[in-house]
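Number of protein chains: 2
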Amino acid sequence: MTTLPPGSTIGILGGGQLGRMLSVAAARLGYRCHIFEPGAAPAADVAAQLTQAPYEDSAALEAFAKSVDVVTFEFENVPAEALDRIEALRPLRPNRRALAVSQDRLTEKEFLSGLGLRTAPYANVESAADLAAAVQSLGCPAILKTRRLGYDGKGQVRLTDPAQVPDAWAAMKDAPAVLEGFVGFSMEISVIAARGLSGEVACYDPGQNVHEAGILRTTTVPAPIPAALRADAVLLAGRILNALDYVGVLGVELFVTQGGLLVNEIAPRVHNSGHWTQNGCTVDQFEQHIRAIAGWPLGDGSRHADVTMENLIGTDMTRVPDLAATPGIALHLYGKADVREGRKMGHVNRITSATA
Amino acid sequence: MTTLPPGSTIGILGGGQLGRMLSVAAARLGYRCHIFEPGAAPAADVAAQLTQAPYEDSAALEAFAKSVDVVTFEFENVPAEALDRIEALRPLRPNRRALAVSQDRLTEKEFLSGLGLRTAPYANVESAADLAAAVQSLGCPAILKTRRLGYDGKGQVRLTDPAQVPDAWAAMKDAPAVLEGFVGFSMEISVIAARGLSGEVACYDPGQNVHEAGILRTTTVPAPIPAALRADAVLLAGRILNALDYVGVLGVELFVTQGGLLVNEIAPRVHNSGHWTQNGCTVDQFEQHIRAIAGWPLGDGSRHADVTMENLIGTDMTRVPDLAATPGIALHLYGKADVREGRKMGHVNRITSATA
Chain C
1 MTTLPPGSTI GILGGGQLGR MLSVAAARLG YRCHIFEPGA APAADVAAQL TQAPYEDSAA
61 LEAFAKSVDV VTFEFENVPA EALDRIEALR PLRPNRRALA VSQDRLTEKE FLSGLGLRTA
121 PYANVESAAD LAAAVQSLGC PAILKTRRLG YDGKGQVRLT DPAQVPDAWA AMKDAPAVLE
181 GFVGFSMEIS VIAARGLSGE VACYDPGQNV HEAGILRTTT VPAPIPAALR ADAVLLAGRI
241 LNALDYVGVL GVELFVTQGG LLVNEIAPRV HNSGHWTQNG CTVDQFEQHI RAIAGWPLGD
301 GSRHADVTME NLIGTDMTRV PDLAATPGIA LHLYGKADVR EGRKMGHVNR ITSATA
Chain X
1 MTTLPPGSTI GILGGGQLGR MLSVAAARLG YRCHIFEPGA APAADVAAQL TQAPYEDSAA
61 LEAFAKSVDV VTFEFENVPA EALDRIEALR PLRPNRRALA VSQDRLTEKE FLSGLGLRTA
121 PYANVESAAD LAAAVQSLGC PAILKTRRLG YDGKGQVRLT DPAQVPDAWA AMKDAPAVLE
181 GFVGFSMEIS VIAARGLSGE VACYDPGQNV HEAGILRTTT VPAPIPAALR ADAVLLAGRI
241 LNALDYVGVL GVELFVTQGG LLVNEIAPRV HNSGHWTQNG CTVDQFEQHI RAIAGWPLGD
301 GSRHADVTME NLIGTDMTRV PDLAATPGIA LHLYGKADVR EGRKMGHVNR ITSATA
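So the protein sequences, as listed, match chains C and X.
Per UniProt numbering, the very first residue in the first sequence carries number 1; after that it's consecutive.
Per UniProt numbering, the very first residue in the second sequence carries number 1; after that it's consecutive.
Rather than coming from a laboratory, the hints here were simulated on the basis of the structure.
Bear in mind that the values here come from a model prediction, so they are computed numbers and not experimental data.
Every clue listed holds true.
Treat identical chains as interchangeable: a pair holds within one or across any two.
Quick list of in silico lysine to any residue cross-link-like pairs, SDA-like style, CA-CA up to 20 Å: (1) LYS344 with THR220; (2) LYS336 with PRO5; (3) LYS344 with GLY16; (4) LYS66 with GLU56; (5) LYS336 with SER8; (6) LYS173 with ARG158; (7) LYS336 with ASP69; (8) LYS344 with ALA213; (9) LYS344 with PRO5; (10) LYS336 with GLN49; (11) LYS336 with THR3; (12) LYS336 with THR9; (13) LYS344 with ALA324; (14) LYS336 with GLN52; (15) LYS173 with SER127; (16) LYS336 with GLY16; (17) LYS344 with ALA41.
Chain C with its partners taken away, still in its complex shape (with noise of 0.2 Å):
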């Protein structure tokens, strides 16, 4: 194992508000940050560098790659080919592996079955036909989602009933889906975890999520599970995290039903639900996952405070001015320059409590 020297360049592939936190969290342990981004890159604010170029730009990629010491990605959608130029020249953290997983539905489903894990109950739609079939074993209600490229309720669409099997299947565009069955749950949870580059694993606390239209609105951690249950959850995260070999911050979304917990997704990065750790540990998720790659030892991952963290959304950011004057809440906005319908414009970190 060897630690990344002072002054080395990790290179971001993503620049939106995750590598805009990794950067700052980078630099706090001396490195500079190169973030490679097609489009808008409020992460560049607080980066040393930006490459501004589209992912298929493969000049732009090798140079992006020539300037920096290791690689890693705040989004999970980075075309395979972009992926390929940039491990020929440097190493990739966390590897293909985790991405090619969690970058397909049906894979991710078929590796948590394969390692035991529950998930909800799915099946391969590829057709029409095939996803009459699926509806008629799973039931309704149920939702087909893409394969690929799935991101905060788009490309889902929800059947409560089998007559809706042409038009969900048209909404597909052709494109591979999933459908998943219908899963009774009392709440959603998820845990952050870590897999440093020698091998050892942390996880943080699990946080209760709660979304609004299909976008996270608010993680509390700590979550009010039975400590049984915070301990599976933490187990079955740190068996991802080995059975990928992976080395990074991981967020594993599940279920808690009656018959214990099940895994929703996984996202090979740091995660909207782990936002709570900038207020509530020493070691946040952003340092984490840079601490990981960069081969240092992780943090421990304890947490000194209850805090519950609320996405800013919209027209959110019109209650800024009350948030900013009221006690025990920490600001963190993304510097993006339009506010849009859905479009996470930043959080805030309501700390509830100090616990020693």
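Starting from the known structure of chain C, arrange chain X on it as the hints suggest.
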């Protein structure tokens, strides 16, 4: 009072570690930063823009000023002509008066005395004869300091015997100086205080400072002083802020003596002895400064943990791997390329207990 609109740019004179941490705090509130720095600029790694030019380059200074919405500084010895040019174009916060007072030890002591605050006994020294007379009146030991550009123990000579007058004066190289008489004190503390655009004041809990070789080694909060002294320190800082019509964060170094508090010096900027706020408060001194100069409500300054801040100076950097592996320690490295003796390379905040 107007609040700086989201997406505005803040100009920072000076690109060292203080500018670096200010830039990160500004980004967290949705602002961009433009750094002006004649030399090496670790702040540029986390800033949207850098102008690297001498303070005498009036074209560069004017272009810088025009590109930003408000200007602040991390360093109080910016030449007056440079400040003239900037002030002609953009608001400077804190104001010139605060700089004029703190740039000159004599002006500073006269200002503080004028407010009825205690300082060490002092005398103006413009010649060897002045020095001889001052030594006679204040006695030995005493410290001779240049009136301007003092920083981390540079430009200072300690006199233990009147016979040292000729050598001490020669060391000043004809620079106007101040002789400070000896003060018996039990400890040095400092108060980090802030005043907003609308005149409200907020202070952090005083910390105890320990120096080594003229450089701050550690700051510990809470300082082990009675509640009455804590209140005195905070009231006194408020008086200084109001008298200067100050906007931003100010550091006030105080000696604890048998007769009460005595002001050692003031620094019109975020201060090394306030770095503990990064891990002890919801709103740290860097965000507090940005809030003040951007016309936001101030954070209340309340502290949720006991913290000891320790500077990493020169070869202390070899301790980083051990520190990184110790729970409860937050690392803050400055990304400086060269390790030099006496150079501040980073700091750690050791959380010694969480308090509700």
